[in-house]
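J.: Sequence:
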Amino acid sequence: MRCIRLVTALCVLCVIAACKAELYSGLTEREANEMVAALLGASIPASKINGAEGVTVMVDEARFPEAMALLDERGLPSRKYESMGDIFRKEGLVSSPTEERARMIYALSQELSRTVAEIDGVLSARIHVVLPESDMLGRDVKPSSASVFVRYARGSNVSDYASHIKLLVANSIEGLLYDNITVVMVPAAADQQSAEEPVRFSQVLGIWVHPGSAQRLWITLGGLAAAVIVAVGLALLPVLRTRISRSPRGPVAVADEFGEEGGV
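The sequence shown runs -21 to -1, 1 to 243 under mature numbering (1 follows the signal peptide of the UniProt record, and there is no 0).
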């Protein structure tokens, strides 16, 4: 009896695991916590699994598209930016002046993008810096310029900080004038989750599941239960045959024996 219960429990766990899909992997603990909190806040069941290569976020397979759309609206996981130290890490080969200049421009863009992304309400930020090379002949060159793209959450007041962002970029790059900076701010798509009716989960054997997965889970459990019953019957069949062959009264005596054991 204990063996049957153990097999049934393992089957249930396998079914539950089969209904889950990997959403993101290789995350930090903080990133995973932010994503799980956002999903649970939108009534989307989610869990996290710690692994050797980081944390993995799991979500119900039936709600995978909805979960991806929600995280994209929230700007999760947060974009990772490289620092000056990462870009100018010491290497064996000596870089050319052109390569060093390109790396410097990229490093400035990454550092400024990360700073702007720290503003409350900003989901993602990208800053493109243009620094013309100086002319050795003294001819006029085009002035430096920068373009800032900010994607922010609806309902936040990030748009009020456009002038502050321009001032931040201008003071961070030598020779860049305030008027040569363009800031484009785009609100994220409206979150439709709040307008929808809250999802009411169904309970299957004490486990809360999404209504779309409840019927499939019942069918799977029914099939597993039938398979367990057949397996137990096949396991007991040799015992029944042995008792019938050894009993002088045949199948009737064996039936009486099982009846007495059941009464006990």
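Hints may be right or wrong, so weigh each one.
[Stated by the list, open to error] DSS-like cross-link-like pairs, simulated, lysine-lysine; straight-line CA separation at most 25 angstroms:
# : residue 1 : residue 2
1 : Lys121    : Lys145
2 : Lys27     : Lys(-2)
3 : Lys145    : Lys59
4 : Lys59     : Lys27
[What the hints assert, rightly or not] FRET-style restraints, in silico, Cβ to Cβ:
#  : residue 1 : residue 2 : range
5  : Arg58     : Gly20     : 31 to 41 angstroms
6  : Val165    : Glu97     : 32 to 42 angstroms
7  : Met83     : Ser22     : 41 to 51 angstroms
8  : Glu97     : Ile198    : 28 to 38 angstroms
9  : Arg195    : Val109    : 25 to 35 angstroms
10 : Ile98     : Arg195    : 37 to 47 angstroms
11 : Pro111    : Ala31     : 24 to 34 angstroms
12 : Thr77     : Asn136    : 23 to 33 angstroms
13 : Phe43     : Glu8      : 18 to 28 angstroms
14 : Glu97     : Ala205    : 39 to 49 angstroms
These are calculated hints, taken from the structure and not from any lab test.
Everything numeric in this text was worked out from a predicted model, so none of it was measured.
From the three backbone atoms N, C-alpha and C, an ideal C-beta is built for every residue, glycine too.
J.: Output the indices of the hints that this structure fails to meet, ascending.
T.: Hint check: 5, 6, 8, 9, 11, 12, 14 fail, others pass.
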